[in-house]
Amino acid sequence: MSVLPRIAALRSEAERAIVQASSTEALEAARVRYLGRRAELPQLLRGVAELPPEERGAVGRAANEARRALETLLTERAAELDARELDAQLIADRVDVTLPGTPPQPVGRLHLLTATQRELEDVFLGLGFTVLEGREVELVHYNFDALNHSPNHPARALTDTFYVQPPGTEASGGDLLRGYASDVVLRTHTSPMQVRAMEAHPPPLYVVIPGRVYRPDSDATHTPQFHQIEGLAVDEDITLADLKGTLLAFARATFGDEREVRLRPHFFPFTEPSVEVDVSCFHCGGKGFLPDGSRCPLCKGEGWLEILGAGEVDPNVYAYVDDPAYDPEKVQGFAWGMGVERIAMLKHGVPDLRLYYDNDLRFLEQFG
Amino acid sequence: MKVPLNWLREYCDPPLDVKAIEERLTMTGTKVEAIHHHGVQGLEHFVVGHVLGAEPHPDADRLSVCVVQLGEAEPSTIVCGAPNVAAGQTVAVARPGSIMPDGTRLKAAKLRGVVSNGMILAEDELGLGSDHGGIIVLDDLQLDAEFAPGMPLQDVLPIATEVLELEITPNRPDCLAIYGVARELHAATGAPLTAPPWETDPGTAGELAGVRIEVTAPDLCPRFTARLFENVTIAPSPLWLKARLSAAGQRPINNVVDITNYVMLLTGQPLHAFDFDRVAGGHLIVRRANDGEQIDTLDGQTRTLDGEMVLIEDDEGPTSIAGVMGGARSEVVPETTRVLMEAATWDGPNIHRTSWTLALRSEASSRFEKGLQPEQAMYAQAIATELMLQLTGARLASGTVDLGGAGPTLQHIHLREHRVQEILGAPVPVARQAEILAALDFETEPVADGLMVTVPAVRRSDVTREADLIEEVSRIDGLERLPATLPKRRGAYGLLTREQRLRRRAADALVGRGLYEIVGWTFTAPALLDRLRLPAEDERRRAVALQNPMSGDQSLLRTTLLGSLLDATAHNLAHGASDLALFETGTVFAADPLQRLPHEHRGLGVLASGRLAPPTWGAPDPPRADFFAAKGLLEALADALRVEIAVSEASEPFLHPGRSAAVRAGGEAIGWLGELHPLVAREWGIESAAGFELDLDRLIAAVRPEARYDDLIGFPALGEDIAVVLDAQVPAARLLEVVRAAGGKLLDGARVFDVYTGPQVGEGRRSLALALSFRSAQRTLTDVEILPVREKIVAAIAAELGGELRA
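Line by line, the protein sequences give chains A and B.
First residue of the first sequence? That's 1 in this note's numbering, and the numbers climb one at a time after it.
First residue of the second sequence? That's 369 in this note's numbering, and the numbers climb one at a time after it.
These aren't lab readings, by the way, just hints derived from the structure by calculation.
The beta carbon of each residue, even a glycine, is placed where N, CA and C say it ideally should be.
Below, a list of computed lysine to aspartate or glutamate pairs in the EDC-like style, where the Cα atoms sit at most 16 Å apart: (1) B:399 <-> A:302; (2) A:300 <-> B:401; (3) B:856 <-> A:237; (4) B:856 <-> A:235; (5) B:399 <-> A:306; (6) B:856 <-> A:236; (7) A:330 <-> B:790.
Only some residues are given here: those of chain B computed to face chain A with a beta carbon under 10 Å: (8) 397; (9) 717; (10) 739; (11) 842; (12) 852; (13) 854; (14) 857; (15) 868; (16) 883; (17) 890; (18) 918; (19) 945; (20) 952; (21) 963.
Going by beta-carbon spacing under 10 Å, a handful of chain B positions derived as facing chain A: (22) 395; (23) 398; (24) 789; (25) 844; (26) 853; (27) 856; (28) 861; (29) 889; (30) 917; (31) 925; (32) 947; (33) 949; (34) 955; (35) 984.
This is chain B alone, in the form it adopts within the complex (with noise of 0.2 Å):
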């Protein structure tokens, strides 16, 4: 909302500058996003001219050079070029130095040889209107001045002025309209407020001859308002209501459309102006289209209603969509005489519809659609009328057509003086707030514990509640008065719990590895599932769609953290990386066709590619990111959090089908671990890389319980190692499995710690070098104990995996 500063100022004139007129302004809840300065600068050099003499130019055929008193003891020559110059003229006039709406400065300049010492002025030069067929002649635009030369132009025309920029919080409609936010501005300030403009309407009630309107959608059209004017002529606004339009970004067209703009902009108000020689039969009918109903809008375009759309038509069918937008044929043109002006109300949430619905926005339906109060509607008529009569040179018709009139009985809130300290903080005297809210045009009663308070109409469906009362007090009282105090927090404690500490522990492990963080989008395109292999049938082509993405690419919910770490791996080394270890955690999504919300869990996914550290020249040969080295970043974080996983080979459509595994944990799969499919690497343009990604929400709950003491340092444990050979195609977590079951209580724990294959262990077999720990919490035990088990270990070797132990 633009707010003219010179317009605002003539409702309320706080002795204030526009600096502090914005902090009062948001301070109480009106927000000034910004000041403009619209018209011209340098108001000094603006003055009244009187044109003693114009003579044509010697040299060019258009122009005059006119010689221009200015109150100085020598008058001014000036060369203009507007067709209607002539001596004897009152003129406004721009000396060097004058800066214009567009910033220029202007110098003395020649113009063909002749010198010009300033301008005068056509109403476009000055930001008043877009009128250039001539320069203004002041004699004739009736102003209530006399004029000397030299007087300051701003003394006799609205050349400039500070636009505050509003934002209109979409409760509040009603500061959508200069005395609006002036009622705003006398309660932030204090200054007093002007009577509403429209106290005095010149208009009269009762029938309206010759007009028929009929509305069949009450519920929709609470109030539809109009009156006759007749004898109109179409002529051009005054340079006042130009400017003012001008200046709050509206662009002047001809009187009746530009009163129906400036009194919207006045009351928040939008009227409509009927040509009534055009409206046939003089016979309105407001309705509900049929579904499919076609009408043609101002805008050109053709637009199908549906049944829950409210249109205007008359004898010959739809002429606007209500509230919205009207049609081109009855619409005022310069030929115009007759003029009905309609201003109705409209249910805001079905106009809200039917613009959302038809992507058909204007001015008018932006304030219906917050839900404007009926009493507007009159009081716009009562400005409209005057302006009228006054700049139109119309007759007004007696009566008004006042279908559905006024809104519900205005309401009365009881406010409890103990509510406003209770919820605010601090106490804000009963006496205060009763002026506070006259302020604000609310009527209070001293009622026994506060007030009695009536809610004026415009705020009819802001404010209904005690806490709306409240929250009117506090804005206009100054928030910057309350204390800071903290809440009194009984019994509240702050601490994350377990599975927040462990989550940000699996991050930090992962980080005390080496690897870097990365957030990528939750958005993914349809083709990733694709460039991942992923079959038909494959539960993570079960994405959420959305109805209105951004962009195709972005139209579903991961289902896989894979892409983003692909995503960023490949931008980067696009970039100069060569060696990139990532890790991401979020939210991964899966479509339940059975239930309304998706599954959504935590995601851990980690992708290395090239080396795990730079090359040193202690270290110049570092390994490189394989199967191996995505493991052991696996295994590390499942040594932080404490949580027993379990790697076994299975294959996934992306991952290398020889290097590729299942991980389990808590007895449920968790996730995978692998090399990248070569075919996936290329998609990216990347060498090679290895990860994993795991359900983080399913791998926390697998951690193990908070530790309780275990005796491990009473009796010393006892390690033995042996080295096993068997079939190559016995998996090591086999032998591990088989050696633990045998070893029975007394093995402690069991790791291979090297591999071996070639020609001492034979074709087709492999030596696994196992490190035992042998421990009792009773004893300390001895060889010949231990003895007896590791015979049953190489027994079952020998019966379950036909291995040997190695010579």
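Next up, chain A with everything else stripped away, as it sits in the complex (with noise of 0.2 Å):
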């Protein structure tokens, strides 16, 4: 019997395996089957060395011939039932991809006063300012006598402020009635640190203070703690106009492009001129009405929203910072002390600022 034929058949009968194959493991099959070690086309090919040598040409380039065929068509199958049996998969792997991310990866929240602080910061940051931070148990001398309150300034008194037991005494009732308040409070406001910073740096002073100050107050609307932004601006020429200019910046970026600022002349010991600086209510637009004609609840139809007290800095407070530089007649700048309890409950719509402090989950979730 002659190869040739023999080697048509397997090719032939090779092929049709191969189309045939209807998985990969059947397609290996048929490559074990007819291209395998053991397989006839291969061991035909390996024999053609003991052909007679005129038969050697034809049968070995007919083999190959097959078998480099046969490859291909291994090859493509391959291609094809992989591309098949991956479809197959993908739509076995198919997910309900409604179902919740798992392992669950919990996300905390900041609290909404730090979040209001920092956003308070960046606006600040943003215009030049650099942020000091102080200490909360303070000097009298620091909270009160260096930032010009006369010696009978009411909020000295001890319904207006905390006073700080010295150190290895006891309290006694009896000290207090007869008026002798000790001369470490907590303190009132983040104001004292005009005069430290001052004190720590010489002029050109570009700061806010953030901070947590303390009055003797308890209701919807004052908490016993609180916190404030100071702002401190010292330099040769800070005008009252400029700090309209930097609280207008504030207020824009604060509560939104539209807004506008007033200043209302008032008094501080601590600032001369002394103003108040109300927002354009941002509810109501500044109408102090709403679409319907209904009074604005926020601003009471005010149109203005109340947000802080600031100033020029008074020259007598110059005079308590022992450094040359600070010369009334050579510097001047202004301050400002912003609540940040009131901007958030002025933002977020918190009814009442106790709520800050009662650290109820359900609170905490909505911010940050």
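Since each chain comes alone in its own frame, lean on the hints to assemble the complex.
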């Protein structure tokens, strides 16, 4: 029997087996059967050398050709099957994409006061201010005296300021009644840092001072602890108009581009001139009433929201700074103090200040 | 300060409505906090009536049926309950539709079968006073007016006014006065201001016979003035006076007392009326009290004074606490016929101290403590004299006691024109400056570079410097005219410090791990220290105490954040939450017996309880917050900050004794880590919780410096795992320490990744699996190079810890 017809037969048999293989396993079986080490075609190829020389060329060529053709066919078929099987696998892999992620990656929140404080800090960082912090238990000297508070200023009263028991003494109601309060207080504002900041840094000085402050007061709009952000800028030529521009930038950054500010004359012992600052109401657009004609509940019809006290630093304050660079004929500047709780309250509609300190998860979840 | 608008308009009457007046006052520094309406509303319904006839009600003893002409075609029938109603009277009538001061609307009503078309009014019904003894009979009032029936009642009686409630800042006691506010309104609107009501004084100077007054504390009583009135008849005040006092929030009493209150409201200066016949010896002495001296005050209490308080006494002893409160012994009574009218000036800080120390505040003390000027005393005497003569039938004794006299010479201040612009950032022409200051009663004189300004007496303590004048100019000129500019900010740049950025990062890292931030109270209860089982010598018992806490539970400043974390956890557990992971950063205080100020540092505390994450379909049983969960958070925090921390076994009274540790960083102890002691957890009703608390300042101080590039890329690291069996009591950290020491330079990292205890390793021993990593920056390491290092490590474990490689 001639070899050549056998090769042809094998080839067509193998071609059929490859084409008919319906899985990678079946294809592999076909490959082993027709092209494997012990399969007939490779055996034939290996036996070419033993053939008579006149047959070798033709048989070798035919066998090689058959092998290459089968290999090509195998590769093609393998790719085909692979693709089909992958398709099937992908279909089988389908999941309900609406199930929640797992394992869960819990996300917490910053407290609204922290988030608001950061937001405000960032506004003033952008305006070229740096951030300072200060101590909370403070000397009367820095909290009142150096801020030009007269000795009988009402803010010094026991009803308005927490006094700290001097170390090593026992609290005595009798002493208090006789008016002997100590010279150490819980700071009632962030303003004691004004003189401390000037003592630590020569002019020019552009700082904001966030921090916790204390006053003995407790109702829906007062808590005995709260937070302020002090601002202080001292340079050769800082004017009341500069204060207005700085606070206008702050108001727009915080409450929206449409906001306006107005300064109202006021009195603070440590600024002169002193002002209270109002921002046009962002709820009613400063109109005082809503589109339906009803009175704006946020500004109570005023069109303005009072947000802070400010002014040009009083010349007397510089006198408390032990640095001749702070000469009121050579430097001048402005200062303000704003309440973080109040700003957060206005922005987020928080109805009661005490919510900030209850730390109820149902409150905390909503912000930050 | 309540200012009835009709009273204010008597001195300054701008052609503006109440809203416009509010705006002008508020925008020039006298903030209008509220506008109240005093008296009646629906003014068109209040008219003058003429009683044509008054007959007894057929079915009611006390009622009269009156026929009242109200200027209409037909007279009206009105039922009246007043005993004094009679035909022929001219009366005040409210017709149906009237709104009374309490807001009720009057309707025609049937009274015992008779329809009453209105009401004949008594003064209390109009809010004019408190008299309800009978109806107002207009003919008896000696009003300078003709009455015709049907005339609007408001043309005859002050039955309604707007009342401005003003916030007067403490530097402006001169505005605790109607005339002072009128001057502000004048400056704010340009409307004319009448001459001061004290300009003409019916009294005379000179000696006042029969009155002896001595002031032995002139430093605390700069001026004491007195006048004597004889033949005084104590009686109710006229309606106009009652109406003004009522509208200003003062209850009318009698003519003499009402005059003192009226003058105080008009001038700001409190007065005191003595019944001179009850001033023992006709002799008053103003002196410092003796320490411990007692006095009975008008409010019926006995007060104990000290040597810095000032009292007034007569020959029988103390009669009043000067400037604060009078005594009952010499006050005006219905029988009084001789009145000694006193108007004095007291030292503000001293009055403030007395009032604060005695916890005794009065209308007078709240004015004196702000510092009134001596001139005001005589302003008050002038007006009081006129009213005493006019309203009490009194005769004025000749002369005036005036000890101390007017205040110091008026101050002159140089106001430089350029300074105004330099401070405000916008120019105000010097002529405008002069105009504003003149409106505020400052005298000005042009000088080379601005104005020389004379400060009026009543502004003596408030305006002492050029800056104060600039404020006056700016507030009246209008702050709304200032441009909005930005400072030059020479050399300034805004940047958080590294510490500030790291503190934000610390909070963000914890938030990123699922923790909620809380903000707790600085105030803490002494009981907290017991509930945390802190022993007497524990440094967290060295708390700063408040002298005047709001309550005993808030009397200390916190020495740990654990209290607020536990409170917040308990609060939320009680409100339905079951899994909580909370953190707080905040100031923690420690009293220092050697320093006036306590030590303060920023703390960071974490407390987790329940599950660390909610169960899901893929992870139905998430881990719970135990020691290692807390430690995982601590390590994540340290890693986020790039700070190396060390944790070693240590006890804390509030932590589980077998699950508590000390945390160190930068060579210092910086806090604790652990599971709550079950007894502490139970205190707060918590099943179990774990957490840590660190000194955040120290943690951040230990953060490694800004990174420099390290070549971790050029040559690969070679990893190798070993398992070591050793005594179970040897802490993992100790093993790592030995491994690192023995590993030398080529050992790049070592960490424990598995722990095994069980029969295979024997009783009391355990196996710790370590992942070692070797690296050289110079070359790719080979196994052959590593082999001796590995052997050295194994040898050190054996020699120092008695450990061996696990077979």
